[in-house]
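S.K.: Residues per chain, in single letters:
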Amino acid sequence: MAKRLIPTLNRVLVEKLVPPSQTAAGILLPEKSSKLNSGKVIAVGPGGRDVAGNHIPVAVKEGDEVLLPEYGGTEIKLGEKEYHLYRDEDILGTLHH
Amino acid sequence: MAKRLIPTLNRVLVEKLVPPSQTAAGILLPEKSSKLNSGKVIAVGPGGRDVAGNHIPVAVKEGDEVLLPEYGGTEIKLGEKEYHLYRDEDILGTLHH
Amino acid sequence: MAKRLIPTLNRVLVEKLVPPSQTAAGILLPEKSSKLNSGKVIAVGPGGRDVAGNHIPVAVKEGDEVLLPEYGGTEIKLGEKEYHLYRDEDILGTLHH
Amino acid sequence: MAKRLIPTLNRVLVEKLVPPSQTAAGILLPEKSSKLNSGKVIAVGPGGRDVAGNHIPVAVKEGDEVLLPEYGGTEIKLGEKEYHLYRDEDILGTLHH
Amino acid sequence: MAKRLIPTLNRVLVEKLVPPSQTAAGILLPEKSSKLNSGKVIAVGPGGRDVAGNHIPVAVKEGDEVLLPEYGGTEIKLGEKEYHLYRDEDILGTLHH
Amino acid sequence: MAKRLIPTLNRVLVEKLVPPSQTAAGILLPEKSSKLNSGKVIAVGPGGRDVAGNHIPVAVKEGDEVLLPEYGGTEIKLGEKEYHLYRDEDILGTLHH
Amino acid sequence: MAKRLIPTLNRVLVEKLVPPSQTAAGILLPEKSSKLNSGKVIAVGPGGRDVAGNHIPVAVKEGDEVLLPEYGGTEIKLGEKEYHLYRDEDILGTLHH
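Chains as they are written, first to last, in numbering that gives the first Met the number 0: chain A, 0 to 96; chain B, 0 to 96; chain C, 0 to 96; chain D, 0 to 96; chain E, 0 to 96; chain F, 0 to 96; chain G, 0 to 96.
Honestly, I wouldn't trust all of these hints.
As the list claims (entries may be wrong) - Taking CB as the label site, the calculated pair distances span:
| no. | chain 1 | residue 1 | chain 2 | residue 2 | range |
| --- | --- | --- | --- | --- | --- |
| 1 | E | Asn36 | G | Asn53 | 48 to 58 Å |
| 2 | B | Lys60 | D | Tyr70 | 39 to 49 Å |
| 3 | E | Pro56 | A | Ile5 | 45 to 55 Å |
| 4 | E | Pro56 | D | Tyr70 | 31 to 41 Å |
| 5 | G | Lys76 | D | Glu14 | 50 to 60 Å |
Stated by the list, open to error - Dumping the calculated BS3-like pairs for lysine-lysine here, alpha-carbon to alpha-carbon at most 30 Å:
| no. | chain 1 | residue 1 | chain 2 | residue 2 |
| --- | --- | --- | --- | --- |
| 6 | E | Lys2 | G | Lys76 |
| 7 | C | Lys76 | C | Lys39 |
| 8 | B | Lys80 | C | Lys76 |
| 9 | G | Lys60 | G | Lys76 |
| 10 | G | Lys60 | F | Lys76 |
| 11 | C | Lys76 | D | Lys2 |
| 12 | F | Lys39 | G | Lys60 |
| 13 | A | Lys60 | A | Lys80 |
| 14 | B | Lys15 | B | Lys2 |
What the hints assert, rightly or not - Not everything, but these chain B residues come out facing chain C in the computed CB check (under 10 Å):
| no. | residue |
| --- | --- |
| 15 | Ile5 |
| 16 | Ala58 |
| 17 | Lys60 |
These aren't lab readings, by the way, just hints derived from the structure by calculation. Fair warning: this is a prediction, and the values are worked out from it, not measured in the lab. Cβ coordinates follow ideal geometry from the N, Cα and C atoms, glycine included.
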């Protein structure tokens, strides 16, 4: 039943990654320590335009792990799943192992 | 008697979809659960212009199911029916089954 | 004695249409029901310019029936008649039977 | 002794027309009735520039009767006479008999 | 000892003209009557640029008598003399006998 | 476990340099004295675009020592290390011995 | 130990000139009299860009004596010396003997 969303313009649909509260070995992580506000890119819009009419593609792509700003982002529920919608320029960077 | 509205510039006329409060099998859905602020596009304007004079067509089209922002939208009554008017850039995305 | 006004730039002179408070058959219409904030275009300006100097003609024309925003519009009395002056981009759409 | 002012850029020097408080036949006009905030153009500036550097001439000319906004306008006394200075884009329209 | 100032960009250095409080024949002028906020242009900057990079020369020149806005202007003391610095676009017009 | 961040657009990832509270010879430095808000550039984004669509590269590069503004900067924890993210135009200058 | 700063973009590093509180002949100058908010240019950035991407060089150069605005300017300590950082467009003019 859940619908699929294709964002408009330079909007980016992100599923937030909830960091583990314990390490693999089961040690409880201090509450604030490893809380990285990050998420996975689910879908991106076709891109926007600058004032001179040039097409500006979205800088991140589906599957990227991205660092999110502390504030902003529109909460969206599709079926039982929760997502957040950001503007491309508000995404802080891409995370790499 | 109801009149037909052709929006100006990049305005989009939308009829909001009121989600069923029960599933097909009659189970009452929790109030907040599946409330997706969505609607169907009834009519779109001819598009706008950027500051350099380039014509910018509207990104969504008649019949599209669209995800609407929580706020904004101008309420319009045409005859007995209620619609909402949005600017194209405020529509969050298109919904697909 | 009443003077004629030619609006400047992309201004539009509108005469508001006051909707009948009764149907043709005399049934009193509920106060809020059919109140469509609409009007007839009396005169339009020569159009404006975008920042790049391109001439932008007015989107509506004399005789059009237009949907007006709830707020805005400058009240103008020419002789005994009352008009309202809008900027072209504030007019929501054109109404068609 | 009164000096002559040549406005700069797209400024327009206007002498306000004070509407007669009586009709020709001497009938006292209700205070608010025919108060049209209008004036005669005395002098105009050379015009302004848009951000792309294009020269934009002033839309009204010396001798025009113009409709003025309710607010704005800089009061200027040249000798014993009182004038008002407006920006071209704030003038609402030209009045014609 | 007093230093000479060359304004930057489209700034204009003005020496305010203090209007005589009496006419030539010695008649005391009512305090508010002929107070024209005017001054003489002492020096002008090389001019500014619009956003498209076009050079925009200053519209007034050294020696011009100019009409000044009621507010704004940066007070500057060079030696014992007092001047005011304005941006070119804030000067209302040039005064001519 | 710590992830590597590639900033987006013209963002710059900086590791703040904490100035020694003592001189090499062990003399305690007055608290406010040598506190230079500086840091080392760890990573830079691909650069931004101006409104006309021109690509604007980042002005500083990896390894530069930079002078940071007193306010602004987004605090980021990658693993156990703390970084700050700035926009390129907010970095005040580069420091050289 | 003091480091050298190269400003970014169109920033200008200035060392404020503190006017003598006495004339050469030792006469105490009234506190407010000759206080000219001026300084010497120590270093300038490479210049900025306008929105159309054109490079805009800094208008003042190293060694110039400049008139500074009353407010603004970022205070910077390099070693024991105090400097102020301004944006090029905020410098009011250059001073000449």
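S.K.: Now look at each hint and say whether the structure bears it out.
M.R.: Now for the hints, and whether the structure bears them out:
1. The hint said 48 to 58 Å for the Cβ distance between Asn36(E) and Asn53(G), and at roughly 37 Å that hint is violated.
2. In this structure the supplied range 39 to 49 Å holds for Lys60(B) paired with Tyr70(D), their Cβ-Cβ distance being about 42 Å.
3. In this structure, Pro56(E) and Ile5(A) meet the distance hint of 45 to 55 Å, their C-beta atoms being roughly 51 Å apart.
4. About 32 Å separates the C-beta atoms of Pro56(E) and Tyr70(D), a value consistent with the hinted range of 31 to 41 Å.
5. Between Lys76(G) and Glu14(D) the Cβ separation comes to about 59 Å, which falls inside the hinted range of 50 to 60 Å.
6. Distance hint between Lys2(E) and Lys76(G) is fulfilled; the C-alpha atoms sit about 29 Å from each other, no more than 30 Å.
7. In summary, the hint linking Lys76(C) to Lys39(C) is supported, as the alpha carbons are separated by about 16 Å, within the 30 Å threshold.
8. A hinted pair counts as satisfied when its Cα atoms are at most 30 Å apart, and Lys80(B) with Lys76(C) does not qualify at roughly 34 Å.
9. Only pairs whose Cα atoms come within 30 Å are accepted, and Lys60(G) paired with Lys76(G) is accepted, the gap being roughly 21 Å.
10. With a C-alpha separation of about 41 Å, the suggested pairing of Lys60(G) with Lys76(F) is violated against the 30 Å cut-off.
11. For the proposed pair Lys76(C) and Lys2(D), the alpha carbon gap of about 35 Å is over 30 Å, so the pair is violated.
12. In summary, the hint linking Lys39(F) to Lys60(G) is supported, as the alpha carbons are separated by about 28 Å, within the 30 Å threshold.
13. As the CA atoms of Lys60(A) and Lys80(A) are separated by approximately 20 Å, the hinted pair is consistent with the 30 Å bound.
14. With a C-alpha separation of about 18 Å, the suggested pair Lys15(B) and Lys2(B) falls inside the 30 Å cut-off, and the hint holds.
15. Proximity of Ile5(B) to chain C holds as hinted, the smallest CB-CB distance being about 5 Å (cut-off 10 Å).
16. With a least beta-carbon distance of about 18 Å to chain C, the hint placing Ala58(B) at the interface is violated under the 10 Å criterion.
17. Interface restraint check for Lys60(B): the shortest CB-CB distance to chain C comes to about 17 Å, outside 10 Å, so the restraint is violated.
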